[in-house]
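Numbering of the sequence shown is given in the working numbering, commencing with residue 8 and proceeding in unit increments.
Check before you lean on any hint, since a few could be wrong.
[Stated by the list, open to error] Computed list of lysine-lysine pairs in DSS-like fashion (alpha-carbon distance at most 30 Å, straight line): (1) LYS146 with LYS46; (2) LYS46 with LYS33; (3) LYS59 with LYS40; (4) LYS46 with LYS27; (5) LYS27 with LYS40; (6) LYS46 with LYS102; (7) LYS40 with LYS146; (8) LYS27 with LYS59; (9) LYS124 with LYS46; (10) LYS33 with LYS102; (11) LYS102 with LYS40; (12) LYS146 with LYS102; (13) LYS27 with LYS124; (14) LYS146 with LYS59; (15) LYS33 with LYS59; (16) LYS59 with LYS46; (17) LYS33 with LYS124; (18) LYS124 with LYS102; (19) LYS124 with LYS40.
Source of the hints: derived by calculation from the structure; they are not laboratory data.
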Amino acid sequence: MADFDVFVDDLQHQINEQAKSAYGEKAFDRWCKTPHQGKPPATNCQGTSTGKCGDTIDIFLHIENDEVRDAGFLTNGCASSIMSGSMAAELALLKRCDDLISVTGEMIRDSLGGLLKDDEHCAWLAANALHDAVGDYFKRSIHQTKGTGSNTPPTEAS
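Given the sequences, and given the hints that come with them, work out the whole structure.
Here it is in structure tokens:
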């Protein structure tokens, strides 16, 4: 059994080295650690984007006083979708809602140090999901305050 464990460890090391070479150290590290993965507990808006490849990225935000206090993501996609969703969530943190529209696919891709040419669309998926989440926040804000005169922020997104 020890020989098999050595084989598996060696194979994993080779795969990791190939991934580092393909994606770069910065993106590879983000893929392995996946910061911001998951839905934050106090989410009050969310956005979704699905690409032609079939990957879907969901971005979840907790916004107070028009500022992002927490952000997370989920995806059913490839490594580039994971890295892009993670970076989109990170770029959203502590930003005002109006500033989030300036987060672009290019910004996400460049913040990762680049993506494989065939996977660059993942950065745009993440940006679109982020923009969709902001739209969801504003829709909920308008719906909740309409006719009440209240400035109560949206409640948790379903």
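Against the structure, the hints come out as follows:
no.: 1; hint: LYS146 with LYS46; verdict: holds (20 Å)
no.: 2; hint: LYS46 with LYS33; verdict: holds (23 Å)
no.: 3; hint: LYS59 with LYS40; verdict: holds (27 Å)
no.: 4; hint: LYS46 with LYS27; verdict: holds (27 Å)
no.: 5; hint: LYS27 with LYS40; verdict: holds (14 Å)
no.: 6; hint: LYS46 with LYS102; verdict: holds (18 Å)
no.: 7; hint: LYS40 with LYS146; verdict: violated (33 Å)
no.: 8; hint: LYS27 with LYS59; verdict: holds (26 Å)
no.: 9; hint: LYS124 with LYS46; verdict: holds (29 Å)
no.: 10; hint: LYS33 with LYS102; verdict: holds (23 Å)
no.: 11; hint: LYS102 with LYS40; verdict: holds (23 Å)
no.: 12; hint: LYS146 with LYS102; verdict: holds (19 Å)
no.: 13; hint: LYS27 with LYS124; verdict: holds (15 Å)
no.: 14; hint: LYS146 with LYS59; verdict: holds (27 Å)
no.: 15; hint: LYS33 with LYS59; verdict: holds (26 Å)
no.: 16; hint: LYS59 with LYS46; verdict: holds (24 Å)
no.: 17; hint: LYS33 with LYS124; verdict: holds (17 Å)
no.: 18; hint: LYS124 with LYS102; verdict: holds (29 Å)
no.: 19; hint: LYS124 with LYS40; verdict: holds (23 Å)
Hint check: a violation occurs at hint 7 only; the rest are consistent with the structure.
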